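Colleague: Listed here are the chains, written in short residue letters.
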Amino acid sequence: MPLTVSSYGSFESLVCQLAGSIPTIVATIYRPPKFNKEFLNDFSAFLAYLSSLSSNIIIMSDFNIHLDNSKSLATRDFISCLDNFDFQPFMETPTHSKGHILDLICCTGLTPNDCTAEEFPSSDHFLLTFNMSLTVYTIKPLHVIAFRNLKNINMDNFQLGRQLERLYKKTGLNVHKEMYSSHMHHYRDSIRHAKAAYFTALISSNKENSGTLFSLLRSLTSPPDSLSLHCLSNEFCNTLMTFFNDKIQAIHYNLGSAATDTTTDDFPPPTHSFSMFELPSTSEIMDLINSSKPSTCHLDPIPTALVKACLPSLAPLVVSIIHSSLSTGIVHQSMKTAVLKKTVASQLHQHLSANSLYKPFQSGFRCFHSTETALIKITNDLLVAADSGLITILVLLDLSAAFDTVCHFTLLKRLSALVSIEVDNQDDVSSDGSEEDETDVDSDEEEEEEEVKPSKSTKNTTTVKRHIKDAEEDSHSVAKKTGKRSKEESEHGRSKNKEDKLKVDTTKNKKNRRNEKTKNKSEEEEDEDEEEEQPKHKHKGKHGKKKVKSGSSSSEEDEDVITEEELAKLKEAVEEKKKSITTLRNQPWRMKKKLETLKEAQEFIEKFEGALGKGKGRKFYAYKVMMLKKWMKFKRDFENFKTACIPWEMKIKEIESHFGSSVASYFIFLRWMYGINMVLFGLTFGLVMVPEALMGKPYGSMPRKTVPRSESSTAMDFATLWDFGGYAQYSVLFYGYYNNQRAIGWLKFRLPLSYFLVGVGTIAYSFMVVIRTMASNANQEGGGDDTSFNFSWKMFTSWDYLIGNPETADNKFASITTSFKESIVEEQENRKEENIHLTRFLRVLANFLVLCCLAGSGYLIYFVVRRSQKFALEGLENYGWWERNEVNMVMSLLGMFCPTLFDVISALENYHPRIALRWQLGRIFALFLGNLYTFIIALMDEINLKLEEEAVVKYNMTIWEANLYNGTLSENSTRPPIEVDPADVPRGPCWETMVGQEFVRLTISDTMTTYITILIGDFLRALFVRFINYCWCWDLEYGFPSYAEFDISGNVLGLIFNQGMIWMGAFYAPCLPAINVLRLHASMYLQCWAVMCCNVPHERVFKASRSNNFYMAMLLFILFLSTLPAVYTIVSIPPSFDCGPFSGKNRMYDVIQETLENDFPAWFGKVFSYASNPGLILPFILLMVLGIYYLQSTSKAYKAANIELKKKLQNQNEENKRKNKTAALKAASELEEAKNLAAQARQESLAVQNGFQGQRSGNKDFERNHLGQNGGNFYSPRERGVRPGNLHPPHIAVTSPPGRREPGMHGYLPGNPHHHGPRTSQLHPQYRQGI
Amino acid sequence: MGSSASQLSKELLSEYQELTFLTKQEILLAHCRFKELLPKESRNTMDYRVPMEKILTMPELKSNPFRQRICYVFSTSEAKDGSLSFEDFLDFLSVFSDSATPEIKSHYAFRIFDFDDDGTLDRNDLVKLVNCLTGDAPETRLSQEEMNQLIGNILEESDIDKDGTVNLSEFQHVISRSPDFVSSFKIVL
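Those protein sequences? They're chains Y and B, same order as listed. Counting from 1 along the first sequence, just add 3 to a position and that's the residue number in the working numbering. For the second sequence, position 30 (counting from the first letter as 1) is numbered 17 according to the working numbering, and the numbering increases by one without interruption.
Where hints are given, some of them may not hold.
As the list claims (entries may be wrong) - Taking CB as the label site, the calculated pair distances span: (1) Glu(-2)/B to Val828/Y: 30 to 40 Å; (2) Pro38/B to Gln91/Y: 53 to 63 Å; (3) Glu132/B to Lys638/Y: 54 to 64 Å.
Said to hold, decoys possible - Below, computed lysine-lysine pairings styled on DSSO-like, alpha-carbon distance capped at 30 Å: (4) Lys1211/Y to Lys149/B; (5) Lys(-3)/B to Lys654/Y; (6) Lys1199/Y to Lys1222/Y; (7) Lys(-3)/B to Lys656/Y; (8) Lys149/B to Lys1229/Y; (9) Lys1209/Y to Lys1199/Y; (10) Lys(-3)/B to Lys638/Y; (11) Lys(-3)/B to Lys198/Y; (12) Lys574/Y to Lys(-3)/B; (13) Lys11/B to Lys582/Y.
To be verified - Covered stretches of chain Y (chain B as the covering partner; in silico rule of three or more C-beta atoms under 8 Å from a C-beta of chain B): (14) 796 to 807; (15) 1213 to 1220.
It should be emphasised that the hints constitute simulated quantities derived from the structure, not laboratory data. Computed from a prediction, not measured in an experiment: that's the story for all the values here. Note that CB positions come from ideal geometry on N, CA and C, so glycine has one too.
Excised from the complex, chain Y in its bound form:
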């Protein structure tokens, strides 16, 4: 790169710079020999400037200073000047014929090697040469490549608009119109957005570059035209056109004077005729399009790649266009796609090659022919001519406007004669041909013309002619096409095409035009004047219109023809799509986008539904579809609403994320219990309590509904109410308050019956729910029975993804590690156990201790209950709070401390944590159960006592009543209204209310202890640990007391037992479910709070789901146990005579019998009595037992089948493996064989290669052939994996088999262009033969 340096008066300089990591400056200087005192100053300024540019400088100079003369002042000054700038002169030898050193090479930063001076003939100075190593590179100008990101175009969206439009046109539905228009809006919007985004990006990226910004602005405000303004004017266009027209006309005119065509009749009659184009099928056309080059030009309306991608939707249209063009012979200019040309060309080509009508040496538009072959042929001809002593004259012609001046008539005639392309309709084809000529300078027509030419040229036997084209190309290096055209032109010239013929042609065209014009006059009107100017254009325009019309009409027909079968198919497809929509979310597809596009496609299909209905049904169908959509939407909203209604979801999820799923499982269980209790509460409240309160007799109307006189003084005390005595006792809350009146109120509500049924229903419902939940849980667990995947489960499923707390995560890590280690150890030494005796002893001891505890607690409860009965007999008033609540307190305390005790004891046993947990749970369960049952037994005792008391009261009652009657009235009136205050009436003890009270009290105290435990054990402990930790001698947080863990098992068991009490007591205290609902509600909040604020995550993992069914099983067990006493009391103990809905009856279930007798027809009662006959019930039970047995045995059989299947699977896998092995062996041997073959082939191919060098294209052909024949077994994927990198280059290996190649290879097969491959030397011998 040259540099400009300020010029100096004292010397001349030329400076250039070589690019490099450090640029190198090369300067040449000539100093005139005349002394100039400015030189040193100028030179030092020059050097200073150069030094500022780079550190690497080379100066080559003719200073004309005698540097060898060191005494000279000028020399010394000069050298010191060089030294100042750190330049080193490199030249010791004389450089001038006089023996002086005049020329110098000075460098800084670089060192030249081998500086030599040689005499140079034309100068008195010597030639100085030196070598220098420089790192130089050239700076390449930056290429900016702009491209459209076609791959990112969403094809489905892209095609949607068109599809929608068609759909709208077809159905005419308003919906579709709207869809279409909204799509178009969307489309326009997105284009606008894209543009805006593009320009915004452009502007923001060029913020600093105001020049670019301005030019951008300019281009935006006044969009640039590709042509300059004057080019766009009409005159310019017209002058251009007239120029070419004139030119052509001039040529025609000149030709007109030439000889007439005389050769036409010489041709032999055609042997094969080509009368019609076949209509290509869709697949053929698609193939054609697909095989077209993907290259695209920015002027194309649609990029090729895009067209290919949209092909499925475009294809029908294209096909119909092509079909109609071919069948009518009319082609519109704008419709003249490359596809049409290709179809025509391919058919022509087929015809020509099939009938070997090609001239063997036609070079254009054939595969394996090119200018090269033509050139070779000419040289060959020349050589041959020279060999035979002939003189060759080469005539090169350049014909102007050759293609435009071809006489169509002649051309057609030639075609029909030579190439046997028949012309049915002269007019049509001629017009067709003319169009082709004008607009489409491409393949097919030209090909035909080419055909014509060579054949003729051979006839004329002017070899020179044959060479014309090629020579022309050589000399002028004109594009191939023009060359050909000129050639044709030359032929035409030779064959004396006349202008008059051309005129005939044009008149024909005109006639043609007129005809059509009459057909569609109206359309033509406007174009008329233009027509005069540009007849041909006009012509095309007309055709185009027609074309378009026919195309659209045909496509419309196509779509209208959707018949019933198609309709059914469509329906099916739509159904299928719908199904796939619903299953869409189950697809593990990676990309959301994928899902979405699919979804959109489906929605599109859904829109087709509008087209499904026919005629009248269509509207209805559309309506149905619309309603269906609305219904779906509603359903989804409802789902949303339902999930929003699930209480405490967020709370539980928060806990889940802190403590993992196990703790959360407790809360879910709690919520579930809450739900059950809500139902129970609803039953009792709605069917028992509310009716009684609303419609029953009011308070104080009868003895059972009044507080007795003796208790009325304390009835409102808080202590009494807290114990559920006083007013609470005589209210709807308890059994005793209800009246035995059969029907109450205006509704005739059967209260006693309802009471009984609710009691039974409560239990039945609970059973049902628990069992159902268990079953569904079992289903979910899906036979996780076997331990065959112990390790895998530990590995793959042990991480709890809900854990969001680092502390929990750490614990989890630790627990997983220990579980891994444990299981490994277990696996390693499954049977080994050290010191069995000690562990056994310890375990026995532990169990003994636990038994002691259980027995002790049982006795304690029994004792306490007994004592409380004694207290009760003596009157509770004399005792304090403790005595009154002794039973409950003792039970709660036992429940609190015994589990801890068990925990301590279980440390003795040294069990695996999981087993230990089971033991622990079992023991606690036993404790609770024991306590409960002792409690119940004690209660039974009390009931018996009450019953005895009742008998006494009953007896007293009769006496009292008798006294009452005797004292006041005589016997004369049957029913004297004796006014005794109901509070004064003596009454029985009402054991049912007593039982209910006991259960309610127990529940309340249990709740209290739970809450207090939480407060003290968790909250206060946490407070203590948290704040005392600052002033304590050891770390409280990690040391002894630490924070509490959430005791899942204890809490669950507590919950379960509480529920058991509810079930037991609900019959006698209808308020119990309500109380339980309150309790659960409160504990939900309290425990959530407690867990979040004062508990730490578990160190031991409690498997959530597995324990779920364990809880359920316990719940079921408890339910069963708690129904036992309830049912027992209902069935076997007579109800109290003066309280409750069943008073006066022998047994409680008599109420059913009563209802049956009174409210149902007689036959029903009869049927019922038969049904309850033991003779029927026993067989029924038997049947049920049999059913159970059958089910069990089938499940066993299934299990066995499962195992069998598993075995089979394993066997099969092994077999597969073996098969694979043998296959691999086989493949290896095959490979060996192939190697051998390849080795042979290589030798041979070497030999062949020596003989023939230009085999490249031939090889390719062979590869293809070979692949086609040898099929998969040689090139199977497996071997492909093995092959690369092996001995031989692949293409040789592939073309290997020795026997095959000989025959087809060397010979040049005429008429078989595919084997035309080798071009150079092979052509020669054959050609000689031809000559």
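Given the coordinates of chain Y, work out where chain B should sit on it, guided by the hints.
Modeller: Chain B only, in chain Y's frame:
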């Protein structure tokens, strides 16, 4: 939530509901959360991708040993940097939601465990998996011998076709019989 709701159009929302296992509320919540992760200036662009580092700071993922794998598996980013777009994020939540089917859960679990993305769980994957599960602390790491034993056992159990690796169907077979998987393979916002 008003502003966020305005950003998610109704159709989009219903489409998301159709395509994921999430309810409307969950999607809106997810959107809120996602927006919090976005830098302020790009909150209004829906197609912004949140880089993996940001995603990993979410409390739900913070202590998950597979968090990076999760990001990589759900990311549709071409740069393979684990960044998530909102749709990826929804995908992720959908798979980890309560109502997702066990099949899809196990499919993604497999992808998460397949550390080298080669479609099978081989020994190296399993070693990495074990190391993830046992945490970083040196005292919880397994020794080489234990590791070999463990992996040997696992392969013995679940590698049904005995090709030395666990493939997807084998994995799903094992997982489908596990009682805990569905309940533990969950992440909620």
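Colleague: Decide, hint by hint, whether the structure agrees.
Modeller: Do the hints match the structure? See the list:
no.	hint	verdict
1	Glu(-2)/B to Val828/Y: 30 to 40 Å	violated (58 Å)
2	Pro38/B to Gln91/Y: 53 to 63 Å	holds (57 Å)
3	Glu132/B to Lys638/Y: 54 to 64 Å	holds (57 Å)
4	Lys1211/Y to Lys149/B	holds (15 Å)
5	Lys(-3)/B to Lys654/Y	holds (28 Å)
6	Lys1199/Y to Lys1222/Y	violated (35 Å)
7	Lys(-3)/B to Lys656/Y	holds (27 Å)
8	Lys149/B to Lys1229/Y	holds (21 Å)
9	Lys1209/Y to Lys1199/Y	holds (15 Å)
10	Lys(-3)/B to Lys638/Y	holds (16 Å)
11	Lys(-3)/B to Lys198/Y	holds (26 Å)
12	Lys574/Y to Lys(-3)/B	holds (28 Å)
13	Lys11/B to Lys582/Y	holds (22 Å)
14	796 to 807	holds (count 11)
15	1213 to 1220	holds (count 5)
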